[in-house]
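Enquirer: The task is simple: from the sequences and hints, build the whole structure.
Listed in order, the protein sequences are those of chains A and B.
0 is the number of the first residue of the first sequence in numbering that gives the first Met the number 0; add one for each residue after it.
0 is the number of the first residue of the second sequence in numbering that gives the first Met the number 0; add one for each residue after it.
None of these hints come from the bench; they were simulated from the model.
Quantities reported herein were computed from a predicted structural model and do not represent experimental measurements.
Honestly, I wouldn't trust all of these hints.
Claimed, not checked - Which residues of chain A face chain B? A few of them, derived with a C-beta cut under 8 Å, are:
{"no.": "1", "residue": "Asn105"}
{"no.": "2", "residue": "Glu263"}
{"no.": "3", "residue": "Pro500"}
Claimed, not checked - Computed spacing ranges between beta-carbons, pair by pair:
{"no.": "4", "chain 1": "B", "residue 1": "Asn8", "chain 2": "A", "residue 2": "Arg397", "range": "38 to 44 Å"}
{"no.": "5", "chain 1": "A", "residue 1": "Phe695", "chain 2": "B", "residue 2": "Asn8", "range": "43 to 49 Å"}
{"no.": "6", "chain 1": "B", "residue 1": "Asn8", "chain 2": "A", "residue 2": "Arg248", "range": "20 to 26 Å"}
{"no.": "7", "chain 1": "B", "residue 1": "Asn8", "chain 2": "A", "residue 2": "Ser63", "range": "57 to 63 Å"}
{"no.": "8", "chain 1": "B", "residue 1": "Asn8", "chain 2": "A", "residue 2": "Asn176", "range": "51 to 57 Å"}
{"no.": "9", "chain 1": "B", "residue 1": "Leu22", "chain 2": "A", "residue 2": "Arg397", "range": "27 to 33 Å"}
{"no.": "10", "chain 1": "B", "residue 1": "Asn8", "chain 2": "A", "residue 2": "Ile294", "range": "34 to 40 Å"}
{"no.": "11", "chain 1": "A", "residue 1": "Glu178", "chain 2": "B", "residue 2": "Leu22", "range": "40 to 46 Å"}
{"no.": "12", "chain 1": "B", "residue 1": "Leu22", "chain 2": "A", "residue 2": "Asp91", "range": "37 to 43 Å"}
{"no.": "13", "chain 1": "A", "residue 1": "Gln274", "chain 2": "B", "residue 2": "Asn8", "range": "44 to 50 Å"}
C-beta: ideal position from N, C-alpha, C; glycine also.
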Amino acid sequence: MPNVGQGTKARAERDKVTVALGGNPNSGKTTIFNALTGARQHVGNYPGVTVEKRTGVCRHGDLSVQVVDLPGTYSLTAYSTEERIARSFLIDEKPDVVIDVVDASNLERNLYLAVQLIELGVPLVLALNMSDVARRRGIEFDLELLETLLGVPIVPTVGHTGVGVDDLLDAALAVANGERSVEPRQVQYGEEIECRLGELVAAIEHTAIGLNGVPRRWAALKLLEGDELVRAGVANADVLSTADVAAQRLEATLGDNPEALIAERRYGFISGACQEAVRSTVESRHSMSDQIDAIATNRVLGLPIFLGLMYAVFHLTFTLGGPPMEWIEAAFAWLGTTVSGWWSAGSESLLRSLLVDGVIGGVGGVLVFLPNILLLFLAIAILEDSGYMARAAFLMDRLMHKIGLHGKSFIPMLIGFGCSVPAIMATRTLESRRDRLTTMLVVPLMSCGARLPIYALIIPAFFPSAWHAPMLWLIYFIGIGLAVVCAKLLRATLFRGEAPPFVMELPPYRWPTFKSVLLHMWNRGGAYLKKAGTIILGISIVLWALQQWPTLPAAQVQEFAAQRAAITVGSDIPDETRLAAIEHAEAEAALEASLMGRIGRGLEPVLRPCGFDWKISTAMIGAFAAKEVFVSQLGIVYSLGQEQDEESTPLREKLQANYTPLQGFCIMLFCLISAPCMATIAITKRESNSWGWALFQLGGLTVLAFAATTIVYQAGRLLSVGVS
Amino acid sequence: MKQPAYLANGIPLSLLAPGRRALVIRIDAGCGLVSRLTAMGLVPGTLVAVVSASGGPMIVSVLGSRLMLGRGMAAKVFVRELGYSAG
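Expert: Here you go:
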């Protein structure tokens, strides 16, 4: 029997073995991968994980074993990207052995993939995973019989605790080394189909097409099924026409298309095997999961429970995140002072300025949010790992459907309230490219954490305390509302088309493990840190440079020096406040003279319809790159120095003195709608694989921000709202 | 008495109430969709039980696992409800 694995002779001499891990989503495949490799990966309970190929290494005696975690798939057709990737890997890379991780409590469905792996001719071992759950449900297996019926070694495992994993590896390596011979049983498809298969196999042999090692029977089956990849690969007119004729004959005789017939026979084979070797002793009809679901997905209670949970999550993130944020802020302040202290006081060093103002100021501004972000991701991880997220997708699906999206799109949006970067990465779970792009483009409208300081600065500056909470809610809801409108628009124009079919597995509820939740949280948080360390860092340096040059003309420098001298000369103890005031005034003048200031001035006429003067425009330049820096930029523009934050009274007073509530609101509106940061655009480019969409996102959000703010400002002026 | 044609051809799954069980007869959809549903266990000849059906997507039980099916999808799966008798 032709075999996709390496030759036996070659195996014994090698000291390196490749093991591929396949299996259904939710079968615990990733947990087994972690158990084998000890690597850091996350266990996703909710729709699949990314389509990336994860690899790890584990040692077994002298052997170095490379383990590849294939994407979770239910089948090996050519219909989805994940399946194609899994299939291509198996055919092209020819791993030494394949472990199919099978959910023991869900055996029949899981074996559908196993049967296809057998037909593909890969050296196979089955891991009967979650066997503890199966036992608890009263399912018993006659393993020896099952092994005989399928013709494949089967090892019971409990991925979460690691039980059976050693045995699994032993069995897999034994198969890889040829120590254990495998005689997989092929599904018999019945006389008619077997006849046609025979014809096709003969045709393939006759034309001597190169099949890259796959069994001819498999190729024939795929041709009968009409598999487009195999058809393209075979590309021989005679063979293809034989296949077409055979398919037509089958349809005429048996009354259905070959693909459906073949699928039915597969399940028939599986059902037969399971009837012999699997016994259910206890009817698990009212299992715990169902009971919880009766409430969680209840028509009346479901949505309120969900909304309540969401509110609780956000509330927790803000309250628990507060203290750590202050510590980080203090830490960065300390760092700034320390680094500053490396140079003697009063000296003008470009490097010092770069490090303290540019790097520490810029990156610190972003990192301060880390606790907030991590807590949000922790909550999401718990909800995902417990299985609740799938129910949430179910509940949200109806609403999402109204804007042309799926329940699945709601997770990226939820993450977007923390940071758009991991949110856009989370759109990988959406299968349809249209859905994915739509979600990616509107996710930035979910007000992210970086914008909070802007609201925290402006709202108390302009609005009475009774209005504070409602104003914040208003801003958030405007964001959500705009996202809804934009999504609908996109789906009606650029991304027209029927919403792809929604079918998703609801895995049983499970207690999330501490380890998996932390890993899960850290994966997303890592994206946030990475953005801070790379793009934001780069932007901070660029912004810093824009503020440094051109420097203040010599004449003005002398003038300020003279003013300082005037104060110090008069007395022994210089008046610190007045000195500080002169310093700040000098900083403001320097800003005006610099490139940043000039661009700000240049932008003023453009942004005037929005109600912005040159100072706001200048601060907006920085904010354009990353919203985190807006507040500190505003501080600089108002010559209050670098250290202003949203709590600072002087800045608030300056704002009150110079702007109306309407303008304050417009600032918030503009910041809400425009792109959160350049990192978002960069990640959109990466995830959509096209600069076109990234720039469309940037342009679209900017134009939308401008238009909306202008309308609000002009309307407000016309109606004299908030202009006191 | 012969079974009316519509019963022989099955009724859409989307019409079933929670708690009802049925046998899948055929799936009336494009290859990609059929393949997807097949891989998740919805094949002619399989038993399907409706767990929840309250306006939005349905939750059904197939081969021991729970699936969420959009209404549109469920309407394309034709089943024969168990408990009916012919003639």
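Enquirer: Does each hint fit the structure? Answer for all of them.
Expert: Against the structure, the hints come out as follows:
Given hint, Asn105 of chain A at the interface with chain B, holds; its Cβ is 5 Å from that chain's nearest Cβ, closer than 8 Å. About 6 Å separates the beta-carbon of Glu263 of chain A from the nearest beta-carbon of chain B, less than 8 Å, and the hint is met. About 5 Å separates the beta-carbon of Pro500 of chain A from the nearest beta-carbon of chain B, less than 8 Å, and the hint is met. Range check, Asn8 of chain B to Arg397 of chain A: about 29 Å between beta-carbon atoms, so the 38 to 44 Å window is missed.
In this structure the supplied range 43 to 49 Å holds for Phe695 of chain A paired with Asn8 of chain B, their Cβ-Cβ distance being about 47 Å. Between Asn8 of chain B and Arg248 of chain A the Cβ separation comes to about 24 Å, which falls inside the hinted range of 20 to 26 Å. Our hint of 57 to 63 Å for Asn8 of chain B and Ser63 of chain A holds, since their Cβ atoms are close to 58 Å apart. In this structure, Asn8 of chain B and Asn176 of chain A meet the distance hint of 51 to 57 Å, their C-beta atoms being roughly 54 Å apart.
About 28 Å separates the C-beta atoms of Leu22 of chain B and Arg397 of chain A, a value consistent with the hinted range of 27 to 33 Å. Hint check: Asn8 of chain B to Ile294 of chain A, Cβ distance near 37 Å, so the stated range 34 to 40 Å holds. The hint said 40 to 46 Å for the Cβ distance between Glu178 of chain A and Leu22 of chain B, and at roughly 45 Å that hint holds. Under the hint 37 to 43 Å, the C-beta atoms of Leu22 of chain B and Asp91 of chain A, about 40 Å apart, fit the expected range.
For the hinted restraint 44 to 50 Å between Gln274 of chain A and Asn8 of chain B, the CB-CB distance of approximately 28 Å leaves it violated.
In terms of the numbered hints stated before, the structure departs from hints 4, 13, listed from lowest to highest.
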